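J.: Mind docking chain B on chain A? Use the hints.
2 protein chains.
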Amino acid sequence: MHDYRFPQLLDVKQAYQRIMAYIHHTPILTSEAIEKMADCQLYFKCENLQKVGAFKARGATNAILKLPPELKQNGVATHSSGNHAAALARAAFETGTTAYIVMPSNAPAIKKAAVKSYGGKIIECEPNLKARETTLEKVVEETGAAFIPPYDYMDVIEGQATCALEMWDEGIPFDAIITPVGGGGLLAGTALTTHYISPRTEVYGAEPKGADDAQRSFKAKEIIPMENPSTIADGLLTSLGQRNFILISKHVKDILTVTDEEIIAAMRLVFERMKLVIEPSSAVPLAAVLANKGLFRNKKVGIIISGGNVDVSKLPFQ
Amino acid sequence: MHDYRFPQLLDVKQAYQRIMAYIHHTPILTSEAIEKMADCQLYFKCENLQKVGAFKARGATNAILKLPPELKQNGVATHSSGNHAAALARAAFETGTTAYIVMPSNAPAIKKAAVKSYGGKIIECEPNLKARETTLEKVVEETGAAFIPPYDYMDVIEGQATCALEMWDEGIPFDAIITPVGGGGLLAGTALTTHYISPRTEVYGAEPKGADDAQRSFKAKEIIPMENPSTIADGLLTSLGQRNFILISKHVKDILTVTDEEIIAAMRLVFERMKLVIEPSSAVPLAAVLANKGLFRNKKVGIIISGGNVDVSKLPFQ
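Protein chains in written order, with this note's numbering: chain A, 1 to 318; chain B, 1 to 318.
If we strip away everything but chain A, and leave its shape as in the complex, we get (with noise of 0.2 Å):
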């Protein structure tokens, strides 16, 4: 079992409270088109618009400004080549502090200028997790930053959880909320603040067939690590944290899976139909609603878009 202390509705609206001026109140569209397709109403939260183009933003901030000063002062460090990366770089230089973010070597020359763009310092190291996992270790020693994990940290959590938060604010009466599962911060995130706020609807993850550990350990019921993840949604790829395995064996509904193919043909549809720029990711519970449309029939969805970094001279449509 495990003495965990997860937040409280009041905590996540107190998070809201302190990362707001950091970050972007983004906007829910919607699109008729696809609202035909789907035979449901579908609701966007766009956290492709958010700061740093992701959600990540929400959890980073929250994480930096709950630490106290002393430990602040020193600095902040994580090991990510992706939006986690960005989003604390960000979060640090808004905040007032530095943060070191362990890349691996190989990592895309796009991700690391992101990095620095926001006044990250990078270490590099070589392209594994052991390597990743030491190096780490070496900088937090040296420097004294305090690590912020991306999504197995109970305040990156709290800060995911202010989106649902956002999305309830607009008064709208969701039947159902879909996100996409790599890690879980969002979706655990999401299934909390869903549960305070309206324990009757249905929190759902989705997550690609060729990365499919969340829906796997949620079956299970015990974390099924995965092993050698193959998909386009290069942003899922991480397996279940253990605080977000808790939180969605208790609030998910359940985990739905799609195909590559499927996130494809989902992401161009709202590239056109909704003129929004997203990465593979974010399509997923799309792809997951136009899958299983029985689930979902004449009902309200809200669906998450996390997140919009993806190279747009390499789409996967063209």
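Honestly, I wouldn't trust all of these hints.
Given that identical chains are not distinguished, each listed pair holds provided it fits within a single copy or across any two copies.
Unchecked claim - Calculated cross-link-like contacts (lysine to aspartate or glutamate; reagent style DMTMM-like; alpha-carbon spacing at most 25 Å): (1) K299 to E94; (2) K314 to E261; (3) K112 to E35; (4) K314 to D234; (5) K138 to D152; (6) K314 to E262; (7) K300 to E262; (8) K314 to D260; (9) K300 to E94; (10) K138 to E70.
By construction, these hints were calculated from the structure, which means they are not laboratory data.
This one's a predicted model, so the numbers in the text were calculated from it and none came from an experiment.
T.: Same frame as chain A, but now just chain B:
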């Protein structure tokens, strides 16, 4: 001279009340990254997120709703292969009448599909202006449909003017507002509304150097039609309308021009930094701001993103 009666502020407000149930109130979005590059504050009014993916939904809806019932019952007609065609077809469908759209036989399949998806009836003609006009005349004669021109028509200009009305309702004290200019419906409407609400605010038009009839007409103080326009901004090939020219001459500060290279670079910036799908025409105002920093330094500048109808499998930055 002319004896046109141009819309008053009350007319624009009434147009907004008339059409608001049929259109989106589009958001204004911002980007720190682009503001840093431009040395000014930028407010992007996102008409790419409008119904049919373009501001044209406003004018077309207003024009149909203002038709007397005896005219409206026979339907509406226009010749266009662009956003006005889809906008008129949708507005006709939503308001319970029929749209007859004369399109050149070589119009892209995607444009025809858009018109058909809204129930519009397509009448094909030879791909030249003469054939378009005679075919339209024939359609109007046979059906009794009312001709709704794409921009040189008062109720269309009045409808486009509601876009700036929404912008001013946000309470932002714009120093300048810039729109693309093709036929001049959006620019004329924006200039008119802004003249009434904030006469100190400077309104600019922006167009491609390869289709610079608005700039030349503006300088010459008479309409100089464009011959053989050549630009990637396919929405801005048309020459200024009469009514549009009069309003623009009176209420617009200046017309700025940019190269196709500048348009493509600005378009890519909006995709990458704002996560928005926009058509090349919509990137023209941002390109003009970046090419004329002295004009806008430290000012609050509103930019209307006019539309998002672009083939996402053939983007110019692949």
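J.: In ascending order, which of the hints set out earlier in this document are inconsistent with the structure?
T.: none
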